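**Q** Residue strings, one per chain:
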Amino acid sequence: MAAGCACQTTEEKSLPYAQLDEVIAKYRGEAAAIIAILQDVQELIGYIPKQSIAYMAEKLHVSPAKIYGIVTFYAQFRLAPVGRFNLMVCEGTACHVNGAKSLTRAISDELNIAGGETTEDGMFTLERVACVGCCSLAPVIVVDGEAYANMTPAQVRRLIGQLREKEQSAGEAQIAKEEL
Amino acid sequence: MQQVAITLNKRLVSGHEGMTVLELARETGIEIPTLCHEPYLKPIGACRLCLVENEASGALLASCVTPITPGMNINTASPRVIEHRKTIVRLMLASHPDSCIVCDKGNRCQLRQIAAGLGIGDTGLEKIPQPAVVTEINPYIIRDLSKCILCARCIRACQELVVEGVIDYCKRGFKAYPATFGDFPLEKSECTFCGACVAVCPTGALMEKEKPYQGTTRTSVTTTCPFCGCGCSVRLEIKDNRVVRAVPGRDMLSDRGALCVRGSYGYDFIHSADRLTTPLVRDGESLRAASWEEALHKAAEGLQRARENYGPDSLAVLGSAKCTNEENYLLQLFARKILGTNNIDNSASMYQEATRSGLGASLGFPGTTNHLGALEQSEVIMAIGTDTAVSAPQVAYAIKRAVKFKKAKLIVIDPRQTKLTAFAQIWLRPRVGTDVALLNALTKVIIDEELMDIEYVSRKTEDFNVLPLSLEKYSPEFAETITGVPADDIRQAARLYAAAAKSSIVYGSGIAGREGGAESIKALVNLAELTGNIWCRGCGIYALQRENNAQGAADIGAVPEYLPGYKRLDDTQARRKFEKRWQVNLPLKRGLSYLQVFRQAAEGKIRALFVVGENPAVSLADTELAREALSSLDFLVVQDLFLTETAKMADVVFPAASFAEKEGTFTNFEGMVGHVRKAVEPPGESLPDWTILLRLAEAMEKPLPFANLKHVMEEIEELVPHYEGYHYEEGRSGWEQRRDSCWESLNGFVRFTKADFLSEKRDTAEVPLTLIVKPSLTHFGSGERTSRSPRLRFMPPGNFLSVNAADAAELSLCSRERVKIVSAAGEAEAAVEIDMQLPPRIVSLPVSFPGIDRLFSLREKGDHSSLTLNTCNVRIERIAKNV
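These protein sequence lines are chains L and V, in that order. Numbering of the first sequence is given in my numbering, commencing with residue 14 and proceeding in unit increments. Numbering of the second sequence is given in my numbering, commencing with residue 2 and proceeding in unit increments.
Since the hints were made in silico from the structure, they are not lab data. It is possible that part of the hints are untrue.
Below, in silico cross-link-like pairs of lysine-lysine (DSSO-like), each with a Cα-Cα straight-line distance of 30 Å or less [stated by the list, open to error]:
(1) 72/L - 606/V
(2) 240/V - 128/V
(3) 338/V - 43/V
(4) 299/V - 590/V
(5) 410/V - 39/L
(6) 172/V - 39/L
(7) 407/V - 420/V
(8) 679/V - 210/V
(9) 87/V - 72/L
(10) 43/V - 72/L
(11) 410/V - 679/V
(12) 72/L - 420/V
(13) 711/V - 299/V
(14) 420/V - 39/L
Keep in mind it's a predicted model, so treat the numbers as computed, not measured.
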């Protein structure tokens, strides 16, 4: 069953087919284990590339539309790679009443991305989550496992700037190192 | 099955175990409104409209998913039920656009019908604004998601009925909607535009895009589809003498819930501006309009003259597998009684003769031995030489359903990759033309490993002893050297086929349409006989037909070697019966076959020809031969819908009515007789073929004794075995031939026959590649009808020469490069497309490729059975690039 968009993209070539096969073999090619398989694939690649859906569909004898439906149904699955920094904005009750929405909006405006999206340079992903479990710090943003407490839109913009700088200097350091 | 009694609306009724409350209610005549329910699909209980109250427990149940259990006391319309039902509909309407007045679904909308039935006008709820969300635009389907009620009928039809699985739910909750993989438009998906989703959509969410009429029609006629041999029931909706919509028919035996792209959108040709509206007669170089009297007189005169000058066998009639049984009956009668010749045949014979001689020799009846429903019950299905999804979509649906939902195992034998190969457990790819060796090896494995059904073989078959000896050399290893299929794969396939209690074989023109086709078919029958899989529930041999009435035309005797009902010309008793009834001395000499007619016409032996509904100048594989033959005739009469290339060469052209403009019957490949019913008036002065035939007979002063179609039907019933009692009665839904009595007519036994592998010892050094003609869903027959259905032209098969990557590399061809294709007969030019799925040394061209006919030659000796129509040997030459 060739997938609809079986064009040979670079993405397709870079898929780790051997490892995908291992995942499928681990679940004995059972289509019923599709969610577990998808979780493993996401663990492996970091997200679920569309081409991997086509590949799995063929191996598991289910239609790619069915797997796509499952991937889009569960919030845990991502169809696009997550950025270098995943900005998790908590929108749980405590954060919500303390203005989490304005944080989300600030990130959206600053980076021109909506929830679940990644900036074109692959630097930032905006993720809206329900509760991260530190309500006393509300509203809170979690980046790289670090919680930023009592945030305001202005602080968010500053944080984004800092993160970008950090990445740039890290990149320059890397280049300098290579040049040496 | 155990009966379960329940109380339903205060009445005690009983149904069988496992039945749902809804099914029992509908059987009892109690209407329960439903939206997500559809008889062909598994119930999912999504819409909750079918709520009923179990007064024994006080529970509200969705009746479509609730099985009946003893002690139930169901009320389908209690005040509670009505209240809930109303609330559900109000909620649906509150988030549904207010565009009913302009919505094309109009009164066909089931949501609107149900709302009206419950008396809901104003919902009394705050509306959720629903701007139109038109997201799919192609010539077939327009989708407005704002009208979607998420009943999943489209999704289930796509997955369960036609088993394409192109769409599924995407996202969840309020955001859910049906979508393709990756949300791509349908035309970029695997969608075949069969229209099943549109036909089941209860609201205006899915509708036909390019349609001649907006809204609901008052009249509709259920008739039989005129394209492939599946003969599906199709309901034509009519407005102002125009067919404006075609949906799966719901009140005939051949109703299968879904059509294909041809059935759903191919009817546009009926109202093509190209339709002939008056008779035409030759006036020097051109044709001019004439009255019926003049045209009939001219035609009669021309045919008489040839008959008087050169004898009856200088005339021939080419009938059509597209015409009804009654018309074919009249045609053979016309040829035999009025012209006095057995020269009557149709183009389907070129593919069907192998079935007639192959199946006929073994089973005594040349046709499919079981019906499609039984195919779906099979445990193992072997599909050989057939791209079923294209040539007989309904059969492909059934095979895919059997594999997907009934755990059937599929063995595909085909060098090409087809839609079915993805469903196959075993896919054998023999070299083109080596099927007999492969099948013989399969048979030998079954005998050697004692996997056969000994009881069946000893009780029901004869001539078994011819088999072991004739198969001696066909060890799997020997077959491997011929076919290229690994010996172990052959063994595996044989074991799989023989191990199942119920196995079926499906074959198509990849077998029947090539040299030695009859031998392959005999080998197939041997396989089926050995394992007792000829005719029982879930068993059978399915001979697919390319055209809607190929089976009927042969059954009814419009073939050169048989009288009606496959009575041999030298069967004195049968002849006497026909002679007495027809009051004529029948010609004894076997008539010319379709192909022989052209060869003999080219040699000047056939002087006058009457062609009905065929277009050999385009459709004969060797059109050069056809044109030469037609132009050497003294006199040519053509009867057709359009001024075809053949008609342009005629002396007289009769305008014929299409399937939608006449009455009659078609017999599909299963032997199911489907009714053809008049939906609209024929355009201009055109007339149904049968009327024209009766009038022509009159003009020849030998009128046939039929005042109307019913008389013809009555005579067929009387004279043609297997058609007793078939004829059309108001209110009856189709008719099935009693095949069990048909094939057992040969002493009640079926026999084994030796199948020989005739290796083609052709010199292929010059032409090392095999060209396969690729069939297309949207190009049918000579393309006269499909090319005039604008919507079918939307998905043109790419006119490329598909070449395997290795071969392309060897010839250093690049994609889109134009090359010359050279065969022994001629050459053609095409652009190259690299196809990763083709096996090496095989190239393929679509059947609609202009000039493909130049690669074939039918001038050599040999008749239909020794022809290969869908492959030929070629070589590819690079064209020097212009500098």
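**Q** Determine for every hint whether it applies to the structure shown.
**A** Status of the hints after comparison with the structure:
For the given pair, residue 72/L sits about 60 Å from residue 606/V by alpha-carbon distance, which is inconsistent with the 30 Å threshold. Between residue 240/V and residue 128/V the alpha-carbon distance is near 35 Å, which puts this suggested pair outside the 30 Å criterion. This hinted pair does not check out: residue 338/V and residue 43/V have alpha carbons roughly 54 Å apart, beyond 30 Å. Distance restraint check for residue 299/V and residue 590/V: the Cα-Cα separation of roughly 28 Å lies within the 30 Å cut-off, and the hinted pair is therefore satisfied.
For the proposed pair residue 410/V and residue 39/L, the alpha carbon gap of about 24 Å is at most 30 Å, so the pair holds. This hinted pair checks out: residue 172/V and residue 39/L have alpha carbons roughly 27 Å apart, not beyond 30 Å. Pair hint residue 407/V plus residue 420/V holds up; C-alpha atoms about 18 Å apart against a cutoff of 30 Å. For the hint linking residue 679/V to residue 210/V, the alpha-carbon distance of about 25 Å falls within 30 Å, and the restraint holds.
For the given pair, residue 87/V sits about 46 Å from residue 72/L by alpha-carbon distance, which is inconsistent with the 30 Å threshold. Taking the CA atoms of residue 43/V and residue 72/L, the gap is near 25 Å; set against the 30 Å cutoff, the hint holds. Proximity of residue 410/V to residue 679/V is assessed by CA-CA distance (about 42 Å); at most 30 Å being required, the pair is judged violated. For a cut-off of 30 Å, the pair hint linking residue 72/L to residue 420/V stands: about 16 Å separates their Cα positions.
This hinted pair checks out: residue 711/V and residue 299/V have alpha carbons roughly 29 Å apart, not beyond 30 Å. At most 30 Å may separate the alpha-carbon atoms for a hinted pair to count; residue 420/V and residue 39/L meet this at roughly 28 Å.
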